[in-house]
Each structure stands twice: as C-alpha cells, then as structure tokens.
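Q: Residue numbers (the working numbering), protein chains in the order written: chain D, 3 to 379; chain V, 3 to 379; chain E, 3 to 379.
A hint or two may mislead.
Straight line, CA to CA, 16 Å or less: simulated EDC-like cross-link-like pairs of lysine to aspartate or glutamate [said to hold, decoys possible]:
(1) K347(E) to E360(D)
(2) K347(V) to D103(E)
(3) K355(V) to D162(V)
(4) K33(D) to E348(D)
(5) K355(E) to D131(E)
(6) K355(E) to D227(E)
(7) K355(E) to E31(E)
(8) K355(D) to E105(D)
(9) K347(D) to D103(V)
Chain E regions said to be covered by chain V (calculated; three or more residues, Cβ under 8 Å) [claimed, not checked]:
(10) 151 to 158
(11) 278 to 286
Cβ pair distances, simulated, as ranges [as the list claims (entries may be wrong)]:
(12) T374(V) to R20(E): 32 to 40 Å
(13) T262(D) to L26(V): 21 to 29 Å
(14) V157(E) to L299(V): 17 to 25 Å
(15) Q194(E) to W161(V): 48 to 56 Å
(16) W135(V) to T183(D): 32 to 40 Å
(17) W104(V) to E159(D): 24 to 32 Å
(18) V157(E) to N345(D): 57 to 65 Å
Simulated from the structure, these hints should not be mistaken for lab results.
Glycine included, C-beta positions come from ideal geometry on N, C-alpha and C.
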Amino acid sequence: MWILEKNTPQQPGGLKQRVIGALLYCTGEMKQLHTHIQDKSFPLQLSEWCLRGISRVILLNNPLSGALILAALLLESPWQALLGMLGLLASTLTAIILGQDWEEVSSGLHGFNGMLVALLMGVFSSAGDWYWWLLLPVCLGGATTTFLSSSLAPVLERWDLPVSVFPFNTVIVLYLACTGTSNPYFPNYPAQPPGAPESTNHTQLHVPQLLQGMVLGVGQIFACDTLGPSLLILGAVFLFSPILAVHALLGSVISTVAGTYMSVHYSFLYSGLSGFNGALGCMVVGAFFIFSWRTHLLSIASALLSAYTDIALSNLLGVVGLPASSWAATLIGTLMLLLTGENLKEYRIPTGKVTSPEQNLHSHKQWSAANTNATDA
Amino acid sequence: MWILEKNTPQQPGGLKQRVIGALLYCTGEMKQLHTHIQDKSFPLQLSEWCLRGISRVILLNNPLSGALILAALLLESPWQALLGMLGLLASTLTAIILGQDWEEVSSGLHGFNGMLVALLMGVFSSAGDWYWWLLLPVCLGGATTTFLSSSLAPVLERWDLPVSVFPFNTVIVLYLACTGTSNPYFPNYPAQPPGAPESTNHTQLHVPQLLQGMVLGVGQIFACDTLGPSLLILGAVFLFSPILAVHALLGSVISTVAGTYMSVHYSFLYSGLSGFNGALGCMVVGAFFIFSWRTHLLSIASALLSAYTDIALSNLLGVVGLPASSWAATLIGTLMLLLTGENLKEYRIPTGKVTSPEQNLHSHKQWSAANTNATDA
Amino acid sequence: MWILEKNTPQQPGGLKQRVIGALLYCTGEMKQLHTHIQDKSFPLQLSEWCLRGISRVILLNNPLSGALILAALLLESPWQALLGMLGLLASTLTAIILGQDWEEVSSGLHGFNGMLVALLMGVFSSAGDWYWWLLLPVCLGGATTTFLSSSLAPVLERWDLPVSVFPFNTVIVLYLACTGTSNPYFPNYPAQPPGAPESTNHTQLHVPQLLQGMVLGVGQIFACDTLGPSLLILGAVFLFSPILAVHALLGSVISTVAGTYMSVHYSFLYSGLSGFNGALGCMVVGAFFIFSWRTHLLSIASALLSAYTDIALSNLLGVVGLPASSWAATLIGTLMLLLTGENLKEYRIPTGKVTSPEQNLHSHKQWSAANTNATDA
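Chain D on its own, in the form it takes in the complex:
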C-alpha cells in the first residue's frame, strides 16, 4: 500500500488525502525532488547531495531524512554538526574535483564517509569543543575518504560489493594511530576495550538504562549518545523505510543482549556502543536483500555476528588504544552480500538497484507476478 499509492497520480482531494500525498512524496527515495532540482543553481543542488549524503551513512537515500539527522546532530552538539558538515563537504568536493561519476556524487555516495570521519575525529579529540585547528584534519580526512572510496570501488565491484564505510574505518584508525593521545596539536582520548577486566559486574544490570541503550544504539551510528537525537535519527530511518527502522532497532536490541552475555562493561551497554554495530549489520541485510522470512533470519544472524565480531575487534584494537568503530558491521555485512547459497541468492538485490526495502519488495512482487503469468500463458 505504501508503494502502490505513491505510483498512482494524486488527484487533488480532501485535506486528509493531501496530507497523505505530501507524506508519500517525502518517503522513499524522493526521486521527484531529485529530478525537480536538477536544473536549479549549484548551491541548491549541492545541499541536496549533502543531505542525501548524511542519510547514506545509515543506508538511507532521502534528503528529508538527512535534514532530520542534521537536526539531531545540532541538538546533540552544534560543534559536532559543524565538523560533520565540513567533512561531508570536503569529501563531496574532492569527488567533484577528481571527476567521479556524476550520478554517484549527486546521490550522496561520496560524502558519508567523510562525514563519519569528521564526527569521530570530534568525538575522540580531547582538546574540547570549538578547537578550530581540528578543521584541518577534518578537511584532509574527508578528502582522503574520497580517494579511498574511488580506489576501492574497482576492487569491490568485481564481486558486486558496495564500498560502504571501509574508507571511514580505515581513515579514522590511521588518524588515531597517527596522532595518538599525547600529540601537542591533535590529542585524542584513548579507546577503552569493552571487555577490560575491571569488575563492574558485582552490581545488577539496570534494565531501564539497558532499554535506553538499545535505542541509543541507533544514534551511536552518528556518535550520538543522548535519547532525543537518537529518536530523531530513528524517525529519519522510519521516514525512508519503516522496514529498515524495524531492522535498526531489532539489530540494536540483539547486539545489546549479546553484549550482556559476553559481560561487556555496563557503560558500553548503557551508551549504545554495544548496539550500533548490530544495528548496522542488521540493516545491511534488510537493505540489500528482498524482505522475506528467510532474509529476516539472515538479518538476525548478521546482527549477532556483528555484535560478537565487534567485541572481538574492540578487544584487539583496544590493546593499542584504538576503537573498532564500525569495522565489525562493515566486514560482516560484506560477507553477507557474498553468500552463495541457492536459498539466498534469489533474494539478493544487485548493488546498483538497491532502493528502499518497500520499493524492492514491490518490484520483486510485480516481477514474480509477471513471470508467473508468462509461464501460465
């Protein structure tokens, strides 16, 4: 229903119908806006690309979702939001200078890695907010992600894989390893491994905080650890696709519960740091496979594996004081996209054709129906 009505032309009707029409216009990929804006001025186009870029971080492709997330970031911390926007701009402009594919640039595919790098640089910087020197590495880091995604693309596309957040993960690890904790210009906080043998396990788990941590897991994808912005981000996902929003929350819940059984520090559970890799791992399967009960089981498995891999990588990288950021979800998600089993292959959507899960489901049903008719006749 969500889809069907959207494709039919909307006659002007009552207020209710107009509201529904407006709502449907705002959901999904908002292709109408994209075509509508193509003959507008460059700054207007660029801002649409950037908003799409923000939403790309969390596997969406909708400028309104991007705007909602930007609002969440501003609510969380204006300095962080500024850094994120700068990183996004730096990487998008680098992509334009390098002459990357126009279609990719305009759909925000060359911005989200730069934005994530900038956000994490801000989070790990121990120099405090409004430390203006940080804009230098933010710009350089943002530009570097574009180099990396431009280079990784030909390697990964041999197996029809997206570049996803490999560039972000690589650049942030290298940046933190390069600057360290005692750099005079760009000092950072050290990352804590989640399984360090401090005994906080005497005390009881605080269930309301745990439940809050599950919601924060969605916000932590953008390094947000307060409830309001996290809910706004979840709303942005819901706007693009309710199915993905369910996946995000489900993944975060699974991942947090898995963390509980691995006796992760309570602070990781409460702040959502245990949840965000699971949320991402779950969403990757939700976005790249057609929704069915089989792929739903797969998305649960993906969330579980992402959670455990994240704990393992965090423990390993924690030895040298580095965070595992979203390596776990990126690696497990990529593995899931490579699966060759007969029972899953037919549900996999080619990387270039991925839209919102609802749209994918709809196209798949139409195609199946057409196929059945053809064989009947």
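Based on these hints, arrange chains V and E on the given structure of chain D.
A: This is chains V and E only, laid out in the frame that chain D set:
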C-alpha cells in the same frame, strides 16, 4: 600399481587377491561407496558426509580415514571428540539450510572448518571437560564457518583457490579475542608465544622427545598431543594416500628442525606444536601438484616457509594472547597455489580436479602418454 | 628535447656533440645496451639484470643508475652492499629456477625485493658487521620474495597493479617477528615508534639538520643515512629521469615537513626516516601517471598521505617492536593507481608500458598530436 589394479575389474580369486581387493576398495577417494550410498537413507548419507568432512581437515577425502581419525579423537578425549562432531554437524546442517552446492556438501567440504573450530574451542577452554555451556559457542562457531566459506568462495575462486581453513582460522581468532581469559561464561587459556624470552635453552635438547614431537606434529592438526592418536591419524592419511603420509611426516620433521634453529621453546618442539604448520604446508603442495622432483622441492620450501611464518605470526599474535593456529600453513599454501612460474604451472592440478596424489599421478601419466602418441602419429 | 634528440641518429660531430650523444645514451631506459648485451655471455647478462634490479628499487630501469647506487652502498658500508647483492642474486636466480617470464627477469623485476630484504636484515641485525651467519637468512629471504611476487602477480594484475615492494615488506616484517630481539643466532634491534612520548620537543628544531634529513630521505630508501651516498642515489635518479628526481626530493621535503607537524622524534626527521615514504609515494605517481599539473597535485597528495600513513603504521607496529618499512608508500601508491576519477584516468599509464616520465610524456604528446590531426582531417 596402486592405481592400475584398482581400475581393472577384480575376478574372484584366492584369499590373498580378495584381501588386496578389499584394501584397494578402502583406499583413495572410495568413490564406489559414495555412489553406492546415494540412494540410502538421509542419516546414513549424512554420516558418510561427516566422515569425509573429518578427513577433509587434513586434505583427505575418504570416510574410512575419517572414521580412523574419529577413533583417534575418542582415544585422546571423548569430550573433544563430541565437540568436534557437534561443530561438524552444525556447519554441515547450516550449509544444507543455506542451500550450498549439493556436491560440495556431500563430499564433506562444508564440515571441516566447523569441526576444527569446535576442537580448538575445547582445547583453549579453561572451564574443564564436560562444561556443557560450551556447546552453545561450538554450534554458533560451526555455523559461522559455513557463512564464511560460502562468502569467501566467490572471491577465492577467481584465482582457482580453495577456501581451505581460512574460515576456521578467522572464527577461532575472533572467538578467543571476544571471550578472552576472564570471561565468566567462556574463559580461555591465554596462548603463549613460542619465542618468549624465558631461558629454557640452558638444558640440552632431548632427542627422543624431539623425534616424538615430529610425529605429534601430524596429530596436532587435530589438536592431539599424545602418540597413539597421532599414529592413528598418520595411518588415516596413509590409507588415503601413502604419498601424502610421507609429505605430512616430512613437513613435520622439517618444521620441527627449523623451530630448533629459531630457538623455539622446547615445549613447542616436544608437543608437536612446531610441526603441524609445516606438515600442512608440505601436504598442500603434495595434494595440489602432480608428484615430481620439482614439486617435491617445492613442498620442502613450503614446509620451511610455513614453519618460519608460524613462528613469526605466533610471536605477533602472542602479544595479544592469541594463537596463530594454522594461519601460516593456510597463507603459505595459498601462495604456493598462486605461483606463476613456467616450470611449475604444468604440475598444478585445477582445484576442482584434485583427488589423491596417486590418482593424479596416474591420470597425468596417461594423459602425457596419449599426448606423445598423438604427436608421434 | 631530452627525448627528441635521442631518437634521431647521431652523426659524428664535434666533441660537444659526442659528449651529448654519450649522455643521452646513458639516460632513460638504455634499451640499446639491453639489445646489445643479449647475445653476450650469461654472467655479463646477469650483471646487467642485477644492475637494473638495483635501480628498480627506486622505480628506475637503468643499469648505470644501478651501478651508481651500488657505489653509494659500497661507500656507505661494504658489508651492507655485499648483503644487498647477495639478496639480489638469490631472488633473481630463484626467479630463473621457477621459470618466471624471461622479459621480467631480464629487466630486473625479480631482484629488487630480495635486495631490499637483505639490506634491511643487515640494518636491523644487532650482531654487527661481517657476521657471516646472516648470509643464510639473506639468501632464504631473497628467495622468498620471488615466491611472493610470483604469487601476488596474478592477484594484482586483475586491476593492472604492479607487485611493487609488497613482497619485501611482508618478508621483512615476518623475519623480524620470527627472530625477535633476543634470538641467539640472529638478534635484531627493536624498532622505535616515531611518536613515542619522550619529550625531546623542549629543544628547538635544528634547521640545517632538517634540510639534510630531506636529502637523506631519498637515501633511506636504500637504508643509507649519510649525505654522500644519498646524493649519489639522487644522482642515479636524475640520470634516469630528472622529473623523477624532482619528485623524489619534493616527496621527501613534504613528508619531513608533515612529520614536523605531527611532532615526530627529531632523530626521525634528521635521519631521513620521516622522508623516504613520502619520496616513494610521490615517485609512484610521477612514474605511473603522465606528467601534468593535475598529476603533480596528485603526487603531492600521495606524498602527504604516505607520510601520515607511515607515522600511523609505525606507531601501530612499534607496539610489537616492528618497523613499518615502506608499507605506507606501497599501500598509498597502490591506492593512487586504482583511482577511477575521470579527470585522472586519461593520465594513467598501463603498468606494462611505464618507462621514464620524459619518454611517457613524449609518447603521449605524439599520440595526442596524431589524434588531433586525425580528427581535423
């Protein structure tokens, strides 16, 4: 001779001839049994697949060898054998659920990684035998190896490479990094680096123990460190292919000697831990190349490189308390299969056509003879 | 001019013209010598291959440059030069035994990794000069690099990438991890991370020493840390291609300055250790892209990224006492060659067709002119 007689139909004759006939039936790939069992009940088929899966760990493909190895494991520790079988079942059933290629599943290719993960989980667990909670990670770990091998296959097959034990090595490292030594549910022993600077080198090397360590090197592929089971495993290799058995022992000898000169801890030399990577590295060349003096030299080089790489990786991973398991042999073996030199290429057997070395040698000779006749005529 | 005159036949003329003729004969790839020497005796041919192999380390292909570099090494330390030549011979002979492509062997492509491994083994060995046992790992290490490059070639050539110094970097890291600092036969110095928190930053930077460090950066590619040999090596680059010499120096300058701002130890800046990765990163772009202002900007970016990545990797590997050798430049250089942007693609030279930048520029101009004429007509 080993092969020729096997292919000619056996007339009923004296007792001696019957014994030879039965022996020949049991050696090599036992394809007759495989075709014979295909119309039998599912549990019977599954047990044949599992037995083949056990033998696949050590590059064999013979259910009787698998049964011998299972006996060796039971002799070593019934708890370990139980874990191994559970891991094997978990990964094989996951492969069936995912809809992996039937031919691969039925030849045991989707079980051996799960079995190895389960065995190593048992070896490293510090909770003692018959700790039933361990069955949970064993099942999950076994299933994960199937996901990994299903995902790695399309990547590696571009260069005609087998998945080999990459999934096992990845999963066991992640499991140990995730749980660590102080986990309340799944505590593990820390891995010791082989070159730690304790000075045990004052005392003299005990040669009989060193010789025993060379045999144990073959058993350590299955985490066996007693003589009886190791000899049974060596017998299982001999049953499939005498040439491979020679490679296994030779590789273990080379690797242990190399360890001696790298001043590895005596406990590593005596327990066979220094030998098993060399044994595997040597066997990979023995199994994937047609036997000749050139490839024999290559197999010695492979054993040597596996041994040194294992020491290096063990030292590196030992810093974070992790074992190098069989990473060294897997990486060096994969490199050997990629070699492009003209003098080696003609001996390389395509991955899908690998059988026992004796059979490979026989097919190669027939093919060469046919080729010579064709050019003569 | 540099090129044009070279291609026209030289008439005997005055002394000045003869000198220019001789100079032009010695610059670039010296193909005339290569064809001239092909019917000579094997030792003479082998020595030409080896000299080309020496020059290949620094992206050249000119036997005279190789001879100059050899002289620089002898000047620096005869023991080091001996080790280097032995590693070079070991890997070249292994390539001949393995039956690698004749064209590759004769242009020195299978020697330079072995030479670098041998040089670094000598530098890190704490057993002093003329410690003859070191010849054993030098020969084995040299041979191993050939195995590695033979194996990596089919993987990397899918994306038209050169093997470059991946084998060297892998083998030296494994060798140092395998032997460690307390090995009774092959002890090594531990590597110091460049950003260790000793406070040498009280004192002022000594500018003349910093300037010297920028020149030493070119010499450090061959582990030379004195001024004379470094200048000789720079001269060898100039002989092959003045453009590359500029890139080498520029890269070293950028990289050293970047190191200054990352508060790297002064000893790293003064000894050229901060500069050599930048030099190599800059030269890779200079050698594999046609010279223009766009690719010149790219080479600066490459030097900068190589410098920062080197600091990051050195800090990481320094935790386990290992050096980052030239991993940074190798990885960043490989990424640069993978860039897909439209504005850069046309400047990229296919790996098999790379000669000196001057020759590349000349061929490109001719080709462009021919193309323009064709479209005009």
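Q: Under the criterion that the straight-line Cα-Cα distance not exceed 16 Å, is the pair K355(D), E105(D) satisfied?
A: holds, 13 Å
Q: Could you grab the alpha-carbon distance between K347(D) and D103(V) and see if it respects the 16 Å cut-off?
A: holds, 12 Å
Q: Straight-line Cα separation of K355(E) and E31(E) no greater than 16 Å?
A: holds, 12 Å
Q: Just to be sure I understand the hint, the distance between the Cβ atoms of T374(V) and R20(E) should be within 32 to 40 Å; is that true here?
A: Check failed, 59 Å falls outside 32 to 40 Å.
Q: Does K33(D) pair with E348(D) here, judged by a C-alpha cut-off of 16 Å?
A: Between K33(D) and E348(D) the Cα gap is close to 26 Å, so the pair fails against 16 Å, i.e. violated.
Q: The hint says 48 to 56 Å between Q194(E) and W161(V); measuring C-beta to C-beta, is that right?
A: violated, 38 Å
Q: Are K347(V) and D103(E) close enough, with their CA atoms no more than 16 Å apart?
A: Between K347(V) and D103(E) the Cα gap is close to 12 Å, so the pair holds against 16 Å.
Q: When you check the alpha-carbon spacing of K347(E) and E360(D), does it fall within 16 Å?
A: Violated: K347(E) and E360(D) sit about 38 Å apart, past 16 Å.
Q: Using the Cβ atoms, figure out if T262(D) sits within 21 to 29 Å of L26(V).
A: Roughly 57 Å apart at Cβ, these two residues miss the hinted range, so it is violated.
Q: Holds or violated: are the alpha carbons of K355(E) and D227(E) at most 16 Å from each other?
A: violated, 33 Å
Q: Please test the hint of 17 to 25 Å on the beta carbon pair from V157(E) and L299(V).
A: holds, 24 Å
Q: Given a hint of 32 to 40 Å, does the C-beta separation of W135(V) and T183(D) actually sit inside it?
A: holds, 38 Å
In this structure, the earlier hints numbered 1, 4, 5, 6, 11, 12, 13, 15, 18 are contradicted, and the remaining ones agree with it.
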